[in-house]
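Residue numbers (our numbering), protein chains in the order written: chain W, 1 to 318; chain H, 1 to 318.
This list has only true hints and no planted wrong ones.
Put simply, identical chains are the same to the list, so a pair is met inside one copy or across any two.
Straight-line Cα separation of at most 27 angstroms, BS3-like style, residue types lysine-lysine; simulated pairs:
#1 245 <-> 181
#2 97 <-> 65
#3 37 <-> 97
#4 65 <-> 181
#5 97 <-> 130
#6 58 <-> 97
#7 240 <-> 269
#8 269 <-> 37
#9 130 <-> 58
#10 130 <-> 245
Quick caveat, the hints were computed from the structure, so don't treat them as lab data.
Number of protein chains: 2
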Amino acid sequence: MLDKIIKMTRRETNNTTRPVMLAIAGDSASGKSTLTKGLAEAVGSDRCLSMCVDDYHKFDRTERKTLPFTPLHRDCNYIDIMEQHLQLLALGRPILKPVYDHSTGTLTRPEYVEPKEFVIIEGLHPLSSKLARACFDVTVFLDPPEEIRHEWKVQRDCAFRGYTPEQVRADLELREPESEKFIRPQRRFADIVVRFAPIAGREDPPGTPLSAELMLRPTIQHPALSNVLTDDHRTAMHLKIMRDKDGTPTDCLHVHGHASSEEARQLVKAIWEELNAAGGPPEHIGQINPGERSEPLALTQLILVYHLLLQSNERNGN
Amino acid sequence: MLDKIIKMTRRETNNTTRPVMLAIAGDSASGKSTLTKGLAEAVGSDRCLSMCVDDYHKFDRTERKTLPFTPLHRDCNYIDIMEQHLQLLALGRPILKPVYDHSTGTLTRPEYVEPKEFVIIEGLHPLSSKLARACFDVTVFLDPPEEIRHEWKVQRDCAFRGYTPEQVRADLELREPESEKFIRPQRRFADIVVRFAPIAGREDPPGTPLSAELMLRPTIQHPALSNVLTDDHRTAMHLKIMRDKDGTPTDCLHVHGHASSEEARQLVKAIWEELNAAGGPPEHIGQINPGERSEPLALTQLILVYHLLLQSNERNGN
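Just chain W, with the same shape it has in the complex:
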């Protein structure tokens, strides 16, 4: 019943500092940080706190060696404390967040974190319980095809975490049963499922950016995009009805990687104007690595910005 209480409290509290909470869940190397980074920048770091909830480990790297599970297992994490901290942030309160140092594999000095107008929570487990889910206004699950995610993980862990490709692949195999049991089931609880992938059936030349598919479930109100989803922009993005994995009809927004950069940028600009935002679109949205940009990523980030502002307006009675 705690999830009901937190829902009611969030609704009842007449507190304008109560943040809009967005969850971005997904498996290791599914693109959570990349998506979060541009999104936070688009909203503005003065208005937005972004935080990773993968630091609620019970054990450090050395301790885990003697244990039969990987960090993906619920029992490897203080899920109850994560839930508690999500509740506190959702009510506008500060927390003392645990910190896991990836470079040394140790748990270190915790960090004082205060919520802002928007709070983006990314991680492996943010949608893993009713209570955790009750803390969010919008929930996203990143769902790339497994072979693409594996490739991303090899690239990242070898480049930034000092592993060899063989080590990363062995680790992925070890984690697979726990991915299946603890991570992928969260897909079902997302308002938006985002999938970066090549379009099936098209033979796009190598180097074509991945397309994005955004399943927009009817669990929340989605922004009215009719002004931008015109025939002018159809090559870059269009909306289509399809069936969810369980058969439920749902809207699906397709953002095409094969569209020209010019078309995509016009659409980014059109959405930015829809948002009534000042200036031009932020420079870093769509950025994968310094110098590497994806227009489907930029458009996905903008749709999420749209959601954040929509929730914020609703809260303020606009």
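Dock chain H against chain W, hints included.
Okay, now just chain H, sitting in the frame of chain W:
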């Protein structure tokens, strides 16, 4: 108004796992740990969590060197997080408590702490705000004469923390304005003020244990000690009306250091029987250091055990 909400929630929640909360506040080296240790042992470590709230430092030892205040200053501590954790424990929830390592002066990996039937919170600041105070059922302030506390601090910090007497005295002088501003004002909010001191006007020989004076304020119900406060035990302990610092009449329990060990132990036994506790009185109550025992300390601890059990019975409707 948060203090009202937490008070109401604690009263309304029909939750038998909600702990009895006891605060033991006092300045550095006022005897908090010594008092807490025997008390926790008397109740039984399986039923009792004791925790020090002096680990909510914002800064480590190196950082503090550049700052104009000592750990006694409110601004040197995450008082808001301490309040939050006290609320959570009072509602029967676990916390991830920050940890300050005294031996290295650094903030380290936090610790998962779950409340038990009894929670004893000792520290410098547990009664420093309305919200913190709202979390407790019984509150104690340790109030030894300053010259005795200074002596205790010199002894402890030289023996266990590697300081010289001169360093400790300089530190005490540095801390004095903050003791006055942040620590001593908490005395006013305690249900019980405990003072270990020689009895004024008596010329007891050197080596006589310190007496204890327990001011029992009418802010809570105190145990009915009429069965043990008989003429038989008058040499060891008696109750007297006196005036508080502000003139309010209040009860004061005097426990005499000059009573014979035999008399005191009989009284300990009588109180232990009053508590309907199994077996004999716990071996380690009254222990100051291994091999060094104080009967007034033992009796003070037993009075507090009495309070804990009284609160627990009240809660359970007995």
